[in-house]
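Student: Construct the entire structure; sequences and hints are all you get.
Chain order of the listed sequences is A and B.
Quick note on this note's numbering: the first sequence kicks off at 1 and runs consecutively.
Quick note on this note's numbering: the second sequence kicks off at 1 and runs consecutively.
In case anyone wonders, no lab produced these hints; they're calculated from the structure.
What you are looking at is a predicted structure, and each value in this text was computed from that prediction instead of being measured.
Backbone N, C-alpha and C fix where the C-beta goes; we use that ideal spot for every residue, glycine too.
None of the hints are false.
Distance ranges between label pairs, derived from CB positions:
#: 1; chain 1: A; residue 1: 151; chain 2: B; residue 2: 141; range: 54 to 60 Å
#: 2; chain 1: B; residue 1: 179; chain 2: A; residue 2: 229; range: 30 to 36 Å
#: 3; chain 1: A; residue 1: 366; chain 2: B; residue 2: 141; range: 55 to 61 Å
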Amino acid sequence: MLFNSIEFGVFLPVVFVLYWFVTQSNLKLQNSLIVGASYLFYGWWDWRFLSLIAFSSCVDFFVGQKLVKTEDKGTRKALLWTSIIINLGFLGFFKYFNFFADSFATAFTFFGTPIEATRLNIILPVGISFYTFQTLSYTIDIYKKKLEPTNDFITFSAFVSFFPQLVAGPIERATHLLPQFYKKREFDYQRAVSGVQLIIWGLFKKMVIADNAAMIVNGVFNNYQNESWLSLLIGMVFFAFQIYGDFSGYSDIAIGTSRLFGFDLMTNFKFPYFSKNIREFWGRWHISLSTWFRDYVYIPLGGSKISQARTLINTFIVFVVSGFWHGANWTFIFWGFLHALFYLPMVLIKKGEKETSSFGFKDVFFILINFAVVVVAWVFFRAENITQAFDYLNNFIQFSGGGNFFRKTNSYLIMTLSAVLGIMIMLVVEYIAFRKNKSEVSFPSWLLIVFLILISFLGVFKDQSDFIYFQF
Amino acid sequence: MKRFLLKSSLYLGIFVLIVNMIGWVGDISLRKSKLFKPSFLLNNYDNQQRFDYFLLGSSRGLTTIDTKQVDDSLGTNGVNLSMDDTDLKTHLLMLKHFFANGYKSNYCILTLDHQSFTKTQQKLGDNDYRFAHFISQNHVREHFDEYETTSLTPIKNSAYLPFLKYSYYNLQLVPSALLATVRPNKRHRYDEAGNYTYPKKGIPKKEKITFEEKVVKITNPLVKEAMQICERNNTELIIYVAPYKGKSLKIVDPNTYVINQSSSIQESHLFYDFLHVNSDGRVVATDFFIQDFKKIVNHSTGNR
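Tutor: Following this line, the structure appears as structure tokens:
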């Protein structure tokens, strides 16, 4: 079920009413409702993959129970690895099998032994990368004795499958989200209002910015060889805003929806395009994933405690693995590699630089430079393959002439103008919040009506695109 | 909770009110404009007058026959109501729209494309939204009832919530409604008689076209429906097959008058593309049409 669908528009109020008016008196019933609603939400896409979530929940619940009952190091390690292998095994099979098969075949062919890759017709279960990481955090935290396991399977299932963030995050830590399921939730007016604000803001970013930009981006990238440098520039910049509008829009709707049910999810985006350098960018972009990698990969590898060389290697590994997490394609790995290249000098030069919300001439200059760097990296993320990305950039820097997809028809021009208007509004609203050092936008309630009107008349309702991060 | 629900309902109510008012104003603007053919008919012609003929069809009807040339030659009074990117179901809707709004005509020229001879796609046409602001009229509502398949059925439901169609078809309808408000006499790619023509491309080569012959029968039930509607309104239906670049259709057992010009133009320089003639081709095709049309008029007048 998509957040921007009619089905969700019906589903959400129904679950809300059942949650607060029918099951409120009984915590267990309320958590059961969350599990039921979440399974319905996910099963709407493909019910067959519910078994994966259920199995993953069973494994980690069982491992958690066993871990707390034993102090034997070997047994504990074996239990931890059971969870890791099963979870990452599913992820690896569904997401990476064909990639590894193709890559091995290519490698053997390169070294003179041509072989055929055996590909499987595998459907990637929506959100598998997200809920796999979330359940893993539970087991790892119990193993590290940072968390007590739950004895209530329903509560644990609700934590794993919590529908607002099930398919595209934020990737919650068990230490943060799970305890919220233990407590009786009271309806909080202010929290609910801020939730509605975030939902509408997220829909605005998704439907007005991302979906309009997506049409132009697809048109430009599909025919980049024949597009002018201006069109290529618009394609790149629009993709930067498309992916931001799409993903941060999803996160906002997820966080907002959770607040309607009395839950707090972690902030996932903090105005990343106002970052003045790449380090700051990664402190503001997909925070739930970058902190996950920090906590469960970077620090276990030694973090910055061993030596500077080791710090650099660890940072490099995290970026490449993070790129690979996004998808089974060399483009994502290269995207991670590029960010590592941009990031590593920051490790060497400056340490512990604090984020500031200053906005002087110098800051604007650095913001624009950083944005340009991020945009270039996005080309690799968006392209079909690395060669195409280099070609795209090569055509752009040659300032070649060619077609202008964005004004090929009246419809494309209107989409372009709608996206530009949406981007400008977003930048103004986010700038205000950024200057106030807030982690999310807020506005007077009457502005919600304005945003709803803008969504109604400028948003994409026909030919909607899926949320980009669903494929990860 | 009570406060939250009350405030949410209030804001939702205000939102629904505002967007529907905007939608309602948009509907009025489009209905009073000449931007799209359905409102062009109503605002450009008095429904008391009787046409000699009116032309229905897709882009092939729109760009092949020049009704001004026909009228100059035969002293008739006709209008071209063809719309680009439409098929038979939309032509039928235009036929119903014509009669439902009180217009009368001696002949209806239905430009029938080859793919509509036997069947019609059971889904809404790309340009059917151009009727959306007439959703309160029965024939339009019935059309969207039958063909609109999206879960929300935005055009059908816009009879009650006008903003729905402007949301779903915002790319098409929002700028159109704005344009219709500012320039109500603006027409969307057609002249004052409803005609449009494709330009000549580059320096055309005068090449003979080779034709692929096909024997075909018109069995589409919508054609029968069109005949019945015409009959009820004392109008003679003429099926017109416009020229194809390389396709010759032999129509067997037609139940009505047919002007078949599928292979009448044999030189490639008169075509814009496979389906459409260019401005020179239009003059030639219209001349052919005039000759055939005159014969039918004489024949049917003789029969009356």
